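What follows is each chain in one-letter form.
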Amino acid sequence: MTQIIDILMKNFPSLMTALAETLKLTVVSLFFATIIGVIFGLLKVSGKKPLKILADIYIDIIRGTPLMVQTMIIYYGVGQMLRPMGFMWANYGGSFAAAAVTLSLNAGAYMAEIIRGGIESVDKGQMEAARSLGMSYGKSMQKIILPQAFRTMLPSIINQFIISLKDTSLVSVIGVSELTKRGNVMTANAAARSMAIWVTIALFYLVICTILSRVAKVMERRVSYGK
Amino acid sequence: MANKIVVKNLKKTFGSLEVLKDINMEVEEGEVVCLIGPSGSGKSTFLRCLNRLEDITAGVVLVDGHAMSDKKINLNKIRENIGMVFQHFNLFPHLTVLENITIAPVELKKMSKADARERAMELLDKVGLAEKADAYPAQLSGGQKQRVAIARALAMNPDIMLFDEPTSALDPEMVGEVLEVMKQLAADGMTMVVVTHEMGFAREVADRVVFMDGGYIVEEGTPEEVFGHPKEERTISFLNKVL
Chain A
38 MTQIIDILMK NFPSLMTALA ETLKLTVVSL FFATIIGVIF GLLKVSGKKP LKILADIYID
98 IIRGTPLMVQ TMIIYYGVGQ MLRPMGFMWA NYGGSFAAAA VTLSLNAGAY MAEIIRGGIE
158 SVDKGQMEAA RSLGMSYGKS MQKIILPQAF RTMLPSIINQ FIISLKDTSL VSVIGVSELT
218 KRGNVMTANA AARSMAIWVT IALFYLVICT ILSRVAKVME RRVSYGK
Chain B
416 MANKIVVKNL KKTFGSLEVL KDINMEVEEG EVVCLIGPSG SGKSTFLRCL NRLEDITAGV
476 VLVDGHAMSD KKINLNKIRE NIGMVFQHFN LFPHLTVLEN ITIAPVELKK MSKADARERA
536 MELLDKVGLA EKADAYPAQL SGGQKQRVAI ARALAMNPDI MLFDEPTSAL DPEMVGEVLE
596 VMKQLAADGM TMVVVTHEMG FAREVADRVV FMDGGYIVEE GTPEEVFGHP KEERTISFLN
656 KVL
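Line order of the protein sequences matches chains A and B. According to this note's numbering, the residues represented by the first sequence are 38 to 264, in order. According to this note's numbering, the residues represented by the second sequence are 416 to 658, in order.
Each hint should be verified, as a subset may be incorrect.
[Said to hold, decoys possible] Cut-off 20 Å, straight-line C-alpha distance, at most; resulting in silico cross-link-like pairs (EDC-like, lysine to aspartate or glutamate):
id	chain 1	residue 1	chain 2	residue 2
1	A	K180	B	D437
2	B	K492	A	E150
3	B	K423	B	D603
4	A	K180	B	D574
5	A	K176	B	E522
6	B	K541	B	D530
7	B	K423	B	D479
8	B	K524	B	D540
9	A	K86	B	E533
10	A	K85	B	E443
11	B	K598	B	D470
12	B	K492	B	E522
13	A	K180	B	D549
14	A	K85	B	E469
15	B	K426	B	E522
16	B	K598	B	D622
17	B	K525	B	E537
18	B	K426	B	E446
19	B	K547	B	D530
20	A	K89	A	D43
21	A	K161	B	D485
22	A	K176	A	E157
23	A	K176	B	E441
24	A	K86	A	D43
25	B	K487	B	E514
26	B	K547	B	D485
27	B	K547	B	E537
28	A	K161	B	D470
29	B	K547	B	E533
Simulated from the structure, these hints should not be mistaken for laboratory data. Source: prediction; values computed, not measured.
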């Protein structure tokens, strides 16, 4: 314990910077993941075969490969492939950007499945009632189906947020200076205190994830209407 | 009087199942038509073809002269003119009673928020639920839900109202309040097509009763003709079971 406090005191600024990087990466990735998830979730329920197949291919590829490998492909693979066209990750935000792209695509696929499930959980009479009033498919989706689907999806979405937050740890392999990377650097300098350092790092993740799941509980309670 | 609805040689299949085989019917302006018949006879499917909640397989459905299966018509616009009430109410659970009623007129830009509110309160008054304006559907009884659903459909000022077994999911003591609202509507001159198992209602309110069985219209006529002097064997045996 004293060791952990000591580590915290000595490395406070750099740990905070790393924490900020982790949070920034999480927020940026989840923002785009949500957009991707909504788009592909809607494609899956669109009833249009080619669109559904497109969404299925994307989701299957993401779900069938490890995030670590996806990170390598995006950072090194895509980086190398686009080099002849003058593209370099270094010019576009470096490893942070590559990590954000990877995590967005990764979480986006899982979000798409969550959103599809949420939409399908809404009674189909809801769409019929909205359509029979003269509302278009899009308007019915936006005003009637998605708000209801969102309430069912909320726990799964928060769960995905927590998973994605922890997944940012993996992109330390391409050198993003987030928490886990910070832990690596710290142990390199003080190998003897490895246990205390990694427990400190773990505590950071634990605290944020706990806060997130508490927030989720409160939100769940707040969105149950008239029951 | 003008025909609001014309149906010619309507066929509807689900996969290999032929639900509607050859339906011909007309509904005049202001007419109240009750569709009766055993379950599985195709009454509900027929009703859902009228506003194209089901795509038809063959034939024509004309509403106000518009062919509903025509790809060029503005289906949403025509649907604004055809109110529908469902067996399971299908109220929007995330919206209050008032919002349920105002959402379509406001979203479809027919009315300002204030006007829609005022109109919604009038309608709630009409169905006797003005004090429930701020309640959520989950806080209402079945009969109250169905009356709100009727008000919601009326908010778009439709010319035609379709009712799909509006009292079948209700506890017996709540059937009366819903039928009362429907009677009032009929008396106000609304064109109505009602799928129902309430023979008393059909007898009292309908201008015409249509008996369906096996995907066909077997017999139709005034309530007096169909209930008093049914001609077809199948009508007689059905009425014997339900009356």
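Practice item. List, from low to high, the hint numbers that the structure doesn't satisfy. Key: 1, 2, 3, 4, 8, 9, 10, 11, 15, 18, 20, 21, 23, 24, 25, 26
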